[in-house]
Amino acid sequence: MAGASPESRPGALTMAGEDTWRLVPHLGRRRRIPMTWGSLRLVVAAVPLAVTVLAAAFAATLAPHDPLAQDLGRRLLPPSWLSGGSGAYLLGTDQIGRDVLSRIIYGARISLPIALAASALGAGVGIPLGAIAGYFRGRVDGVLSNAMDIQLSFPFLLFAISIIAVSGPGVSVLVVVLAIGSWVAYARIVRGMVLGLREKEFVQAARALGVSSGRIIARQIVPNVLPTAFVVGTLDVGRIIILEATLSFLGLGVQPPTPSWGMSLSDAREYIQIAWWTATFPGLAIMLVVLSVNQLGDGLRDILDPRLRFA
Amino acid sequence: MRRYVFYKLLHTLGVALGVLTLVFLALRLSGDPAAMMVPPDASLQDIRAWRHELGLDVPLHEQYLRFLRDGLHGKFGTSFKHGVPAWPLVTERMWATAELALVALGLALAIGMPIGIVASRTRGSSYDALAMAFAVFGQATPYFWLGLMLILVFSVQIPIFPTGGRGDWRHLVLPGITLGTFFAASVARLTRSCMLEVLGTEYVLTARAKGLSERVVTLKHALKNALIPVVTLIGLHLGSLLGGAVVTETIFAWPGVGRLIIFAISYRDYPVVQAAVFLLAMIFVSINLVVDLLYGLLDPRVRAE
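Top to bottom, those sequences are chains A and B.
By this note's numbering, the letter at position 140 of the first sequence is numbered 140, and the numbering carries on one by one without gaps.
By this note's numbering, the letter at position 255 of the second sequence is numbered 566, and the numbering carries on one by one without gaps.
Careful: at least some of the hints might be erroneous.
[Unchecked claim] Quick look at which bits of chain A chain B covers, simulated, 3 or more residues with Cβ under 8 angstroms:
1) 237-246
2) 270-280
[Claimed, not checked] Sample of chain A residues lacking proximity to chain B, with all beta carbon distances greater than 10 angstroms (derived):
3) L68
4) I96
5) K200
6) G214
For the record, the hints were derived by calculation from the structure and aren't laboratory data.
No residue lacks a Cβ here, since even glycine has one placed at the ideal position from N, Cα and C.
Turn these sequences into a full structure, and let the hints steer you where they fit.
Here it is, written out as structure tokens:
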């Protein structure tokens, strides 16, 4: 093997394949241009998210104040560039004199991990269930598909509200409820993909070799759906972030005094006539992060899996 | 068509039962309502009395049958807070919610569809870019923040519209925009991409070849077919519209079912929560049935399945 010429190496076939690709300029161009445009968009889209992740990670260093520290002598101070504002409080203070900026920075520490944990939990349940439904079809698929239909045909926020009404609010309840809201997104896409994958030769071959169904799903099916599931997940995280903020806004999510974006807006509602800044900046943070995640998801989808465009 | 209607009715009944089961499980399995409602210093007897009052001392399957039976009879018990039967309390408020949801839906269609159509006809132009920016921002803005910002600008800074309550048409403007914007953005985006797809088909080419004006081709030949997915989207999103109504009503003090639910939760007014969720679920399932039937009317292929 050591003296073999480069052409006879196993990789040579794909190399030649790429060369042939380059010989067709039309196809080559069409492949490359969306890639660069997409990549550029990804980079731009990722900026607000990256800033937020960094803010969450280094909250203790970046935040100018303790997010819980009240200073009743400095209630509802306007942002520093307005008259009456203080340089120490860049985005002003809220109704009990807490620094708005510090609360936004610490809020990222709540909103992002909750949304990610809920999505991960949703994926952990949705991907296997979708794979099982698509692989076994028949009655299992019937039950699971109906369950998905029923859940999709019901206003999720209402469902979440009724659970939290009884169980009482809290972070772990919030994560579980949001995960219930996200698993269907994964399960539906994965099920559709697996319906096609199960007929592929490598799956048939594994089956012919006597590999158990569980092993085929874990080793052959799931790795093939993961990239798509990742795109679905990215597109879904934005929705979950908004849901989390909405529940916290309604007083059913993160509980005070823990700083969360939705909570801050709920407090700000009563002071909107006299302190616009407390209502404006936390919401701006939510919008920018969701915008960033959505664009990231759209960009990833166009690059990794354009078939999902209408999904 | 008759078979299609029959099949859809059957399907709706199945979904309704599923939704009710889901609500029942959510309400019963996520905690003991009696434990939430009794005062902290209540004795064990008190708790037992409460559990009996709520019918929580019988086996789960019996509770389920009771829940369905009482639900169908509109019996949800008496509101703890208001001291009147929960069901009429909820149905009375439904009109306010329906009014708000209809305004938002109308607004979403009246704004979203033209934006999508024009964007698809001017693909790549700066108008198209602007329209898509609207769609992307509209989909990333949470209802409650948009509501607060609208109050800030149009009630506080420039006092044209009231900050809340229900009255004449001016009370409807800000909540309607709040609830309708996300939906308008989705409609604009979908209308554009479906129009683009349809405009590339051969029957549109044929219509043009016949010498029909662009106006007729766009509005009559293309739009009709592009509308099918939009109708589906409306059906799928009605759920989030009802959910959004809960938030919007809270912000604008709109006396609807959504605000009632939130208040009922904070007072632990369990019968009202149950009655309201039951009502909204049934309305939602019925609307979906109508959308499905509409879908069958618009697309003969759907009926054949």
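(request) Taking the shortest Cβ-to-Cβ distance between G214 (chain A) and chain B, state whether it exceeds 10 angstroms. (result) Label holds. Min Cβ-Cβ 28 angstroms, cutoff 10 angstroms.
(message) Beyond 10 angstroms on every Cβ pair: is that true for L68 (chain A) relative to chain B?
(response) Given a closest Cβ separation of 23 angstroms, the condition holds.
(message) Is the listed coverage of the region 270-280 of chain A by chain B valid when you require three or more residues with a beta carbon under 8 angstroms from a beta carbon of that chain?
(response) Check passed, 5 qualifying residues.
(message) Just want to verify: K200 (chain A) was marked as not at the interface with chain B; is every Cβ pair farther apart than 10 angstroms?
(response) holds, 27 angstroms
(request) Go check the region 237-246 of chain A versus chain B for me, would you? Three or more residues, Cβ under 8 angstroms, otherwise it fails. (result) It holds: at least three residues are needed, and the region 237-246 of chain A offers 4 whose Cβ sits within less than 8 angstroms of chain B.
(request) Compute the least Cβ-Cβ separation between I96 (chain A) and chain B, then decide whether it is above 10 angstroms. (result) holds, 19 angstroms
Taken one by one, the earlier hints all hold for this structure without exception.
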